[in-house]
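**Q** For the protein sequence lines, the chains are A and B, in the order given.
Quick note: the first sequence uses the working numbering, first residue 2, plus one each step.
Quick note: the second sequence uses the working numbering, first residue 2, plus one each step.
There could be a bad hint or two in this list.
Given that identical chains are not distinguished, each listed pair holds provided it fits within a single copy or across any two copies.
What the hints assert, rightly or not - In silico DMTMM-like cross-links for lysine to aspartate or glutamate, where the CA-CA straight-line distance does not exceed 20 Å:
1. K442 - D175
2. K244 - E362
3. K244 - E291
4. K246 - E288
Hints in this document: simulated from the structure, not taken from any laboratory.
2 protein chains.
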Amino acid sequence: MLQKEIINELVKIMGKENVITGREDLLCYSYDATPDVPDPLPDVVVTPVNTGQVSQLVQIARQYKVPLYPRGSGTNLSGGTVPLKGGIVLSLLKMAEIMEVDAENLTATVQPGVIIQDLNNAVAPHGLLYPPDPGTVATATMGGSVAECSGGLRGLKYGVTKHYVMGLEVVLADGQVARFGGKTVKNVTALDMVKLFTGSEGTLGIITEIIVRLIPAPEARKTMFATFTNLSDAGNAVISIVKNKVIPATLEIMDQVTIKTVENFSQIGLPTEARAILLIEVDGIPEVVEQEADTVLQVIQNNNGRVQMARDEQERDNLWAARRAALPALAQVKPTTVLEDATVPRSKITEMLLALEEIAEKYNLQIGTFGHAGDGNLHPTILTDERDKEEMERVHAAVKEIFEKALALGGTLSGEHGIGMAKSSFLEWELGAGGVGVLHKIKNALDPEGILNPGKMGFNGGTGHE
Amino acid sequence: MLQKEIINELVKIMGKENVITGREDLLCYSYDATPDVPDPLPDVVVTPVNTGQVSQLVQIARQYKVPLYPRGSGTNLSGGTVPLKGGIVLSLLKMAEIMEVDAENLTATVQPGVIIQDLNNAVAPHGLLYPPDPGTVATATMGGSVAECSGGLRGLKYGVTKHYVMGLEVVLADGQVARFGGKTVKNVTALDMVKLFTGSEGTLGIITEIIVRLIPAPEARKTMFATFTNLSDAGNAVISIVKNKVIPATLEIMDQVTIKTVENFSQIGLPTEARAILLIEVDGIPEVVEQEADTVLQVIQNNNGRVQMARDEQERDNLWAARRAALPALAQVKPTTVLEDATVPRSKITEMLLALEEIAEKYNLQIGTFGHAGDGNLHPTILTDERDKEEMERVHAAVKEIFEKALALGGTLSGEHGIGMAKSSFLEWELGAGGVGVLHKIKNALDPEGILNPGKMGFNGGTGHE
């Protein structure tokens, strides 16, 4: 329990209406979208309404050495927002203003609580697009997605969140407010602090304002749907599309387990006999789209796939609905869904797909795999039950082997979900002792008291779920 | 002078042939392309041939507390490679292997000494392109351009160096070798150390291997040349092109001082009566190029410009030769060329151009301005003489006012030249005390002895040229 005195100070700063202490309310902030991690209650949840309040709040947390957990909508998939060591959850949902859409400079300035989709709705009338497109685009906040450097469906062609963050206002661990970057395309004024805070998972500072880059929205698009009777063919088609110099806006895969589960869940007529489906969308100006679609068709046929083009927006929406249903469909099969995002160089995707099948068999687990094949960013999804201790042991062993395999193929522990609690114990596998040492040095330098989101990325005693 | 013992150790590690101590040779490493900064002799120059040697070298520097200055071709424009406090210059020119061009993953892996143009020559046969295109592309190294996060002519459409660096091998200040990132499009494994070391100007570690992203080379391009009798019209055309959703590959400006000087220098028929020239290149697939060129033509006409299309590659090359001659042409007018790169949001470019004219008049200085107008990245170039103390005072006052103006317009101290020595004393103007504090904390955490490139970015007593 926090001292009464601290609660009083928080109320003084933010008003009673922004300080939550009721147990039922606190419960909602004890977890995020991550399975198989602890879900401790925070002591208090605060909802500041401006940067000044965040700054004062950080100073109090520092003064009393109370942990502070910044949080958006809690769609995190690596336990990044869980209040592991109790203390104060800092919800940024009340700082949700789209401050500016600047069509001349192709930028938008937003507060962290803005929902990603709302930003896109605001820029669309200007013919502009904010490309990052995580699966939770309708729920997740800009602040959360910047703090986690979200990826999503458009990574291959358009990059991920970090490629769009141009400027940040950050409340530092000592309460000072700093601004880095801005609206210029180029900026090399000293160390790139915009990129350091992007993806820092709330461990280095609290993001209170964000300037992002926008692009002219593509004029046209074409969506294709390809089925394969062989997993390798599907993987090879992915590699070959890019080798043929077509960079699709999205290039997604679903394996047979996922296809069957989605079909069972939503009955939209997916071919359950297929070993894999690819969903491909090319976009740009109409002439480019035509050319690229032709190339994709040919590549798929050359790799023994059957391809179908969405004839209209309705068919397109159905296809994407199927893809977006993958996780919810898988999630309803069993009580616990362990969703991984080990990622490999695109050329290794066939190998990784086959390895995942082998791992499922070896540990006798049900694994559905879907994901952003064009990025080499697969989501092997283990369907299990947290209460089954014996099966969970096999799950943990399988997860380890997935990481080992991804790293052996030149990949990474996490393509887009972050390290959080879930992967912190594996960090050294990828970064070595020297690399992990660098992370800790930076963390200790910027947050010497360890008040910011303790227990994540292996900082301040975070050791993961094992 | 270094102790004999240190030189002996260096020879033991790298062999005599890689340890340079002759005064005439040392002289070549006392300066880079930056005017108006000190040019002290280093004590020794070493040319290691592999990462192991770099690591041993760093350990020796640390043990004896001797400063270490990593260096590529020395094309730096902010004094970033000057051995300000004596010690060891570490030339990476002997680590110059293109280790791999991976056409499937669209990546290349290079050692730091590779010349940028050589990388592009190596990837061109695969139909690929490494887009960053600093003016010194034929001389500058990959290591130097990553350490400085070089910009150049293609920033608007293609971004700058940091948008292409996917992985790094870095020798840390304690001699440990760490690897960050890799060949995956997505990677959120902990803090983004790839981006932190990119643009760190050699102050945090020595870059010994680089993985960069490549893109399919554009199939077609069109180059246009527009003249204006009014500076505001030119600025407004720049803003309007992008507002019309055309993102040119390059969008360059030359003002009248520059036009006259280039014409005088190279006599290629530039219209010396014009107040400004824009050089615009659009690229992509042929149909896109046609459409975009049409839009550009119209925008220029709407802004009272006269436009001419390069009819063939020869005409195109001539136009770009004129643009690339801007700096050498200006540089031969007077003994000293103070080249700035204050940068503003694109929408403020007209205001900045007019302000530069006023500043030239106010301080009675000759300033030619050219640069990457599409990025808001102008290069006001002051033609002066270091030996003229009185004029240099006016130069320094003008530079200050240029920075003030750029920042007041929401811009940055440095778009692409870095901070180095030249701009370190102005850092707080942009970043505030809190922001500068963050930089110092990170520097102290990663290089507590201050051996890496001391005197740059305001670290370890670097205070700039004033």
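**Q** All the hints need checking, so say for each whether the structure fits it.
**A** Taking the hints in turn, this is what the structure says about them:
no.	hint	in the structure
1	K442 - D175	both (17 Å within a copy, 13 Å between copies)
2	K244 - E362	neither (32 Å within a copy, 55 Å between copies)
3	K244 - E291	within (18 Å within a copy, 26 Å between copies)
4	K246 - E288	both (16 Å within a copy, 17 Å between copies)
Of the hints listed earlier, the one the structure fails to meet is number 2.
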